[in-house]
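Keeping the supplied structure of chain A fixed, place chain B upon it in accordance with the hints.
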Amino acid sequence: MSAQESPTRAWFRRVAGLVRKERLQIRRDASSYLIAGVMPLLLLFIYGYGVTLDLRRIPLALVIERSTPESATLLTSFRNSPYFDVVLTHHRANVEDRLIAGTVKGVVVLAADFSDRTERGEAAPIQVIVDGSDPNTAGLVFNYVQGVWANWLDQISIERRGTIAPRRTISAVVIEPRYWFNPDVRSQNFLIPGSVAIIMTLIGTLLTALVVAREWERGTIEALMATPMGRAEFLLGKLIPYYVLGMTAMAISVVTAVQVFHVPFRGSIPALLIVSSTFLIAMLSLGLLISTLTRNQFAASQVALLTAFLPAFELSGFIFEIDAMPLPIRTLTYFLPARYFVSSLQTLFLAGDVWSVLGPATLALAIIASVFLTLLVRSTRMRLE
Amino acid sequence: MSDEALAVVEGIVKRFDPQAPPAIDHLSLQIEPGQVTGLVGPDGAGKTTLMRLLAALLTPSEGRITICGHDTTGDLAPVRESLSYMPQRFGLYEDLTVQENLDLYADLRGVVGLERRNAYQRLLAFTALGPFTDRLAGQLSGGMKQKLGLACALIRTPRLLLLDEPSVGVDPISRRELWQMVYELVDQGIGVVWSTAYLDEAERCATVVLLSEGRALYQGPPKELTARVEGRTYLIENLGSQRRKALTLALRQKDVVDGVVQGSSVRLVMANQETRPNLAELGVAGATLTQAAPRFEDAFVDLLGGAPKGESALAKFCQQRLASQETVIEASNLTKRFGSFTAADQISFRIGRGEIFGLLGPNGAGKSTTFKMMCGLLRPTSGTAKVAGYNLYKAGGAARRQLGYMAQKFSLYGDLSVRQNLRFFSGVYGLAGAAQEDAMRRMIETFKLHAFLDQNAGGIPLGFKQRLALACALMHDPAVLFLDEPTSGVDPITRREFWSHINAVVEHGVTVMVTTHFLDEAEYCDRIGLVYQGHMIAEGSPDALKGSVQTTDRPEPTLEDAFIELVEAYDRRRIAS
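For the protein sequence lines, the chains are A and B, in the order given. Going by my numbering, 21 is the number at position 21 of the first sequence; the sequence numbering is gapless. So my numbering is basically just the index in the second sequence, starting at one, shifted up by 1000.
Only chain A is shown next, with the shape it has when bound in the complex (with noise of 0.2 Å):
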């Protein structure tokens, strides 16, 4: 017999082979990567700029009946603010059929007496008409009146000091809105780091669910166990290396969030490093656990999409309030990892190291990963059976 290598740095050679191999591997595969290069660009841009939780430039109508000066600064208040477009007419009767179609989003009418009534001091001398058939416009188009009719006194009461009875008296609400961690109410602010979550669940589900099964497909995993090769080299060399990958998108996704799209990020990288991490952790062994347990390529990625990428995407307070949800679903979510990913980088990007959040969610995501990690050992052979 030739001579042989302790058998520790056999057991590292073995690992850094296969390491290698994986490497070589992504780096011919082209749908490598677009899941991991060019898809986490996709959505960051994607919920960058295409969607937004605001309104901006809402048609909106506004009826003059009588012109005064006291209207034409509320015109122009309207006018100047970035919520609204502002569609001017003399009769009401001019705008109803506009609302009916859908082509304005409220209607403001000013009474010929709207003078008058200011004056006096009358609570609610505008009214405000908006389409209740979208609930969440008509909301909105109600607030950011209120918002723009609460500016517009306060500018009067200035010009003329005590010639109008003070506001609070006017106005039948009076909000004094303070955005903590968000003060622009930026809602890219707040959807970025959680398409961060929505990416690494990506990368970590959807790339390793392939690569355990490609094997079985393509009959490489026979040879491969025919080797000295043992179950915990086959693991590392396929986690390391999607270890990698997975950290690079997001490093990617990070920068890109806070170089192009101006997110804030107020916590440290060491922070973020164990956060994701951690997560990336639990990612890679449920997607190595799905490819497993399918040994096939196409039914690997339906699971892993739909146990994954879907519940990620709609139960981890990324898009939908989880305070919202009924109280099974409310349950369900603290099973899902991209839950505590997603309250964790909306932590460190608006508010900073905050411990109290960070803690449990990383402890949270540590027991996650190592249910999965036990579950996808015991379910690894080095037999075909």
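Hint data in this document are derived by calculation from the structure and do not stem from the laboratory. Treat the hints with caution; some may be incorrect.
For the chain B half of the interface with chain A, some residues (derived, Cβ under 10 Å), not all of them [stated by the list, open to error]:
{"id": "1", "residue": "1017"}
{"id": "2", "residue": "1020"}
{"id": "3", "residue": "1084"}
{"id": "4", "residue": "1093"}
{"id": "5", "residue": "1097"}
{"id": "6", "residue": "1104"}
{"id": "7", "residue": "1106"}
{"id": "8", "residue": "1107"}
{"id": "9", "residue": "1152"}
{"id": "10", "residue": "1462"}
{"id": "11", "residue": "1464"}
{"id": "12", "residue": "1564"}
Beta carbons: idealized from backbone N, C-alpha and C, even for Gly.
Same frame as chain A, but now just chain B:
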């Protein structure tokens, strides 16, 4: 140590499904070092299962397997250290280069430093893959892939080497090279197990295990098995066009165990040494009858109960096309270029009605390209292909209705039942209503598919898949039949049955074009075209090709000898010029 058996198999049983008969049924055998043990048997006999059991990839349901003293159900490490295994399917990474595949297996087997450099040098020289180390494994030819597989399996010299059907899909030249490599290993004291469906390979083994339905029908030197048909094998020579008819008549007689076409002759195996073939009954009273040397395949078929009897029911259904000298398939100056590479260069041939034309050639020689151009799957760069008078690229649909095609791989719908496959393919070829029902009934009857009608085609036994594929290709009663390696990896019994069907349709004037690596199959052809490096380097009847390489050293060359000699002669001529 070296005299002890490398593998000891004691009374193993392997069940996959408790209801079904076991895949391996009470099998005991020993694998000795320093020799090749051949594992032969029909498809589904359990060859691959036994290989996987030996490689400790499966564990026996009963009994015990010890590899170099280690039980395969115990610790895997010592078992995997002492053996190397090459699976039937190419098990390497097609998206890695030759060198990268070698590196991976060297890492996995802990071959480092000087030993690694020496191993690379030795194996690359041994396999002649040296010039191709940077080529992706997926771009290698079939033969080169097998050599790379062998190199990876040999990166650390094992004590036991398991090769599962290494010669399937490999051309005769590469096959001969693989055998030379294996003999070199055996000389170093390695024990080799070689499983195969090619029975001529069994004769090259020191000992064979003949498996059937999971049991060993025979274990021992191949010569001892061949001895059982001693004095019972005959050759009826120079029959020319009468040979197919003579074979059909011969197989009807109860004292004929087996019969095959061999060039213009018919080879028969008689039930006992006393009876000789009765030439008058075969309608060839004037032909010469000589006694032939027995072959392993004769004994194999004899042991399994003889060739399938009776004649193909297809004969009853086929429309009789008038035998004439008319040309049915014509290729003129067919050329196909892929980029700067010319896969087929000015290939021309004509095939007459009722002729079987074989297209032979090493892997990557342009044989498949030519074949695909002839059946309209590939458009030639220049030149024309005419089938049944139609130009394939002008009257595609009309021409295609005239041809039936059976692909190399199982290309029916595995998720559809046998009946649904038949219905679909007859529909695709334009059959409907009563004609369709009639065609389906004929095929079900001819190929005895009754038992599987409602089973998914993917799950039926391989022999029946083969029949179904042929049925689907024949249902519309085509004038021309294209067969792409139709019996690759199929056992001799199924192959004989297959050719009885082909012979039946040919007798009715159907024209057949076939590609094959299996030279016994090529013996059924009327004419053979040998394609090499994109050129048709030889064309003629099997006997003519054999005759062309006859020398005093080689008075009776086989078709394989002819194949290799013609290819090598072409190489020599090219180097000389």
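Results for each hint:
Violation of the interface hint for residue 1017 (chain B) is found here, the shortest Cβ-Cβ separation to chain A being roughly 12 Å, above the 10 Å cut-off. For the restraint placing residue 1020 (chain B) at the interface with chain A, the shortest Cβ-Cβ distance is roughly 15 Å, beyond the 10 Å limit, so the hint is violated. Satisfaction of the interface hint for residue 1084 (chain B) is found here, the shortest Cβ-Cβ separation to chain A being roughly 7 Å, below the 10 Å cut-off. Because the closest C-beta pair between residue 1093 (chain B) and chain A is about 6 Å apart, less than 10 Å, the hint holds.
Taking 10 Å as the C-beta contact cut-off toward chain A, the hint placing residue 1097 (chain B) at the interface holds, the least distance being around 9 Å. Using the Cβ-Cβ criterion of 10 Å, the hint placing residue 1104 (chain B) at the interface with chain A is satisfied: the shortest such distance is roughly 5 Å. For residue 1106 (chain B), the shortest C-beta to C-beta distance to chain A is roughly 8 Å, which falls under 10 Å, so the interface hint holds. The restraint placing residue 1107 (chain B) at the interface with chain A holds, with a minimum CB-CB distance near 3 Å, inside the 10 Å limit.
Interface restraint check for residue 1152 (chain B): the shortest CB-CB distance to chain A comes to about 7 Å, inside 10 Å, so the restraint holds. With a cut of 10 Å, the hint placing residue 1462 (chain B) at the interface with chain A is violated, because the nearest CB-to-CB distance is about 17 Å. The interface hint given for residue 1464 (chain B) is violated, since its Cβ lies 24 Å from the closest Cβ of chain A, which is over the 10 Å cut-off. This hint is violated: residue 1564 (chain B) has a C-beta 29 Å from the nearest C-beta of chain A, more than the 10 Å allowed.
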